[in-house]
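Engineer: So you can see what is in the structure, the chains are spelled out below.
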Amino acid sequence: MKNSFIAVLVLLILSGCNDSKDDSSLKINVFNDAQIKNSMIKALEWQEAHPIFAIHPTDWTNGAYYTGVARAHKTTKNMMYMAALKNQAVHNDWKPFKRLHHADDIAISYSYLYVAINEKRRGFADLEPTKNFLDAHLYEDNSWKAGTNRSKEDKTILWWWCDALFMAPPVINLYAKHTEQPKYLDAMHEYYMETYNRLYDKDERLFARDMRFVWNGSKVDRKEPNDKKVFWSRGNGWVIGGLALLLDDMPEDYEHREFYVNLYKEMAGRILEIQPSDGLWRTSLLSPESYDHGEVSGSGFHTFALAWGINNGLLDKKHIPAVKKAWKAMAACQHDDGRVGWVQNIGAFPEPASKDSYQNFGTGAFLLAGSEILKLQ
Amino acid sequence: MKNSFIAVLVLLILSGCNDSKDDSSLKINVFNDAQIKNSMIKALEWQEAHPIFAIHPTDWTNGAYYTGVARAHKTTKNMMYMAALKNQAVHNDWKPFKRLHHADDIAISYSYLYVAINEKRRGFADLEPTKNFLDAHLYEDNSWKAGTNRSKEDKTILWWWCDALFMAPPVINLYAKHTEQPKYLDAMHEYYMETYNRLYDKDERLFARDMRFVWNGSKVDRKEPNDKKVFWSRGNGWVIGGLALLLDDMPEDYEHREFYVNLYKEMAGRILEIQPSDGLWRTSLLSPESYDHGEVSGSGFHTFALAWGINNGLLDKKHIPAVKKAWKAMAACQHDDGRVGWVQNIGAFPEPASKDSYQNFGTGAFLLAGSEILKLQ
Amino acid sequence: MKNSFIAVLVLLILSGCNDSKDDSSLKINVFNDAQIKNSMIKALEWQEAHPIFAIHPTDWTNGAYYTGVARAHKTTKNMMYMAALKNQAVHNDWKPFKRLHHADDIAISYSYLYVAINEKRRGFADLEPTKNFLDAHLYEDNSWKAGTNRSKEDKTILWWWCDALFMAPPVINLYAKHTEQPKYLDAMHEYYMETYNRLYDKDERLFARDMRFVWNGSKVDRKEPNDKKVFWSRGNGWVIGGLALLLDDMPEDYEHREFYVNLYKEMAGRILEIQPSDGLWRTSLLSPESYDHGEVSGSGFHTFALAWGINNGLLDKKHIPAVKKAWKAMAACQHDDGRVGWVQNIGAFPEPASKDSYQNFGTGAFLLAGSEILKLQ
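Chains as they are written, first to last, in the working numbering: chain A, 51 to 427; chain B, 51 to 427; chain C, 51 to 427.
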């Protein structure tokens, strides 16, 4: 008996994503609460031991990661998550990154806000840098808003790429709630609509990553090999994951709440329709054959958003099996040492991943998914 | 044979504190030197990989932890301890935390002093911030000393809670010895007596945590369910652990040394009297039934102090079995990955712990205990 | 079968350097690419989890370590190496350490240059502090150059000890290449010749560590017990390892390239002549019996340099077995948890090491060696 247990461990060391043989040979119920919590903590421990970022510890990559850590703490109350959140907040002096007009650079403040709200030691949390960033970001002019930024001609709105809808809105929404200042929510909605009107494809019920992927009927329109439009899994994961975070803290009576509820439901329905049979979404949503393997960052955001919807009555319980299938497949992408593999590298459109490819935001997506899967039980 | 070895490992992953079955099934002599050293190093490695603090890396929680790391190095000379001590000292710029009137904020300087004394590279250690803190702490007025601090009416002396007797006195004592300035020791003694006179219960030979727990015979006196006084295990651990550190570096001919020797002997006798049969003290010393499980931070400080007393001739060797029993039980509270569990969270009076609850100061207490248990052999 | 696999793992935990029994019982081909890469990554992960330095994270010890990490990334492209390189560069603000006249303090810039060259995000890398250091180091007067430094009478040249030839020249060379400013290379050559003329022993084809070990025929000349001269393994490893790094980035048409090629070939031949039968060099090259065990930091630099020479056509392929023997023996010095043991502590002449003794620069030497062993296949 122990032998086979060890045998499985040894196999797992070598096993990759969707390696159903190993997975099935593993006599563990991946939907056992303790099992899910253990997978999540191992993901945290591995990621904390393998710091990574694009350009700075406060950039969007840690922003997404620590948002996942915060939600994992909110569900489990495991002190390891809070210790990690406090540690990075203090080492970062509670500062967002530096580009005041760039949504990426405020994403980290979701974790600062979470700590400030839940760790009430007097004079500990410092939300001043977050406030200053948000005020500049929302209320000061900049070349993108003005449309005078010619570096890229499509940067004529504040949030010109869909990822931005995860990076800034949930932070603004949580800040508005925490400080009881609805004006921030109103400012957010205005910019959100600019992005929605520009990048949301009502026919496909998916977001183009940016203007490069919006068709104008010209022959230079970007197409997948199968002639379909390019819809990036992680890009849409940013949007629907951000919607779940938004709705979770948005006042029930907020005048525009219905817009976000409907957008969430439209996208959730579409994401479910196109879920591959093994449970994990490919990096190109409408051209899964391009890179035909599950990818964990996009799948993690989708799984988080769908499970959140079921847990909050926006999505029918009949979808539980689909969501559980996704988690089971994601769990099989985690290495035995805790690393969450099969994460597409930093990018802006569909590219392949590998068993070993990891990123902190992939771990964040894994933690976000787990934090809602736990509530499905 | 290997199978049973693995079986034990697997069991240990699931085993908790005082789980005598697993413990006995483990065919390892916990008093073997290599075994004790291995438990200590695993505790260090786990804690270094899981940074945690109350409000800042230089606060009292790391102060207590790195005091344990320093003593572990003093006994074992294992370079891993010194590497960790130097790493935190340099990253903290050799600075205590910021409240100049608060004993908690100077505790970290015990580790700075230890490094300065033992790592003699020219221009490496910087004790200036420690000196400046001590001079302000001991020789400048503040509202607590003046008794004009009305935030809490019982804060009318510098060290108004018993934990303070671990946080500041050993640092002051070591600084006085290192810089050969007895005046610091004299200042320390004056403040120590203020606390002793206020919080030491001569009948119970234990310290009340603060004035809230000192009885005045009024009906609002805080009582345990069994009508006894509230004596907190960790609170008294802070005092007796601090006494062992103090006496270890206090000049043999210091005029007030006898006072500390007698206080140590009184408390040590009492701590031994009330040791539970499984070796570990409960969080409420006189109401063990309140939370009837061993707690490792208090027990670690008691075990350190008692073993130190035996190793230094202040306590009879007949108590060795009691001290070894405590260590054996503490060792069973360490998870297989090195985590020291069953540590009561940050607090100020008896509260329960759990198999998974950890704190860096609990790991520090574990290292302090191990550093003297090694010398018992 | 699994049992024996586990048995080996368990044995390895206890196995030390050159423990041929365990090594042979391990049914793994240490020259299998995946195996070498796994040993290297485990070394990186262990070292990142166990930070250590002499006086500061930017000192020469991390300089040598992260040079190894950079070369490991150059060969394998494993993102874990780049994540570690970026992480330390950002936390160090891209700054060398502080003594502008000291070669040790610029060694860390090799890693900064590597990141700058390979991670092209706009405004990410900052080479200004490196430029400022190099300009002061090479072009400003100081007491050592002037010979007016009387702290040690032999410090009358800039690079007065042979270790310096690893610390500064490869950085200067890479900076000259990256910025296309040959003048830096010319300045480097001038100082290199000063050290060569002073410390290189043409008869022994080895470098004295510093003037204390250069014989003047007086009776105070330092001798080994066997009356031979004192040639330190790591000291010569610094030189020949530095030569491999230098030649790797030195323009083919550089006027003085031939000098470095010849020096490399002379030393390589000598290092091979005196390689002990088990593959690992002792800390005293001409008195191996003084401390008769393999030492990994010196052996790592030798192995790196020799493998690099074979891979680049400067050394005959017939030496492959000798180099592979060295790597196999080094691999046996790595603990099961990844720690690279048998590394002589910080020093300036032959001293013994132990199974547990480690240093970050030893891990760097291990990574350097692995990065070229991989190319031997």
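Each hint should be verified, as a subset may be incorrect.
For identical chains, the list gives no copy identity; a pair is met inside one copy or between any two copies.
[Claimed, not checked] Listed next, the in silico PhoX-like pairs over lysine-lysine satisfying Cα-Cα at most 20 angstroms (straight line):
hint: 1; residue 1: Lys375; residue 2: Lys127
hint: 2; residue 1: Lys205; residue 2: Lys145
hint: 3; residue 1: Lys378; residue 2: Lys425
hint: 4; residue 1: Lys87; residue 2: Lys124
hint: 5; residue 1: Lys148; residue 2: Lys170
hint: 6; residue 1: Lys405; residue 2: Lys170
hint: 7; residue 1: Lys269; residue 2: Lys374
hint: 8; residue 1: Lys92; residue 2: Lys269
hint: 9; residue 1: Lys127; residue 2: Lys405
hint: 10; residue 1: Lys181; residue 2: Lys145
hint: 11; residue 1: Lys92; residue 2: Lys181
hint: 12; residue 1: Lys205; residue 2: Lys181
hint: 13; residue 1: Lys405; residue 2: Lys92
hint: 14; residue 1: Lys278; residue 2: Lys170
hint: 15; residue 1: Lys181; residue 2: Lys233
Rather than coming from a laboratory, the hints here were simulated on the basis of the structure.
Engineer: Would you mind marking each hint as holding or not holding in the structure?
Structural biologist: Comparing the hints with the structure gives:
1. Lys375 with Lys127: neither (25 angstroms within a copy, 33 angstroms between copies)
2. Lys205 with Lys145: Neither: 25 angstroms inside a chain and 35 angstroms across chains, both beyond 20 angstroms.
3. Lys378 with Lys425: Classified as within: same-chain Cα gap 15 angstroms, cross-chain 39 angstroms, threshold 20 angstroms.
4. Lys87 with Lys124: within (13 angstroms within a copy, 37 angstroms between copies)
5. Lys148 with Lys170: For lysine 148 and lysine 170, only the inter-copy Cα distance (19 angstroms) is at most 20 angstroms; the intra-copy one is 27 angstroms.
6. Lys405 with Lys170: neither (41 angstroms within a copy, 25 angstroms between copies)
7. Lys269 with Lys374: neither (41 angstroms within a copy, 58 angstroms between copies)
8. Lys92 with Lys269: Neither, since 48 angstroms and 50 angstroms both go past 20 angstroms.
9. Lys127 with Lys405: between (30 angstroms within a copy, 15 angstroms between copies)
10. Lys181 with Lys145: Within one copy only: 10 angstroms inside a chain, 29 angstroms across chains, cut-off 20 angstroms.
11. Lys92 with Lys181: neither (33 angstroms within a copy, 42 angstroms between copies)
12. Lys205 with Lys181: Answer is neither: 24 angstroms inside a copy and 35 angstroms across each miss the 20 angstroms cutoff.
13. Lys405 with Lys92: Answer is both; intra-copy 17 angstroms and inter-copy 18 angstroms each pass.
14. Lys278 with Lys170: Classified as neither: same-chain Cα gap 51 angstroms, cross-chain 32 angstroms, threshold 20 angstroms.
15. Lys181 with Lys233: within (13 angstroms within a copy, 48 angstroms between copies)
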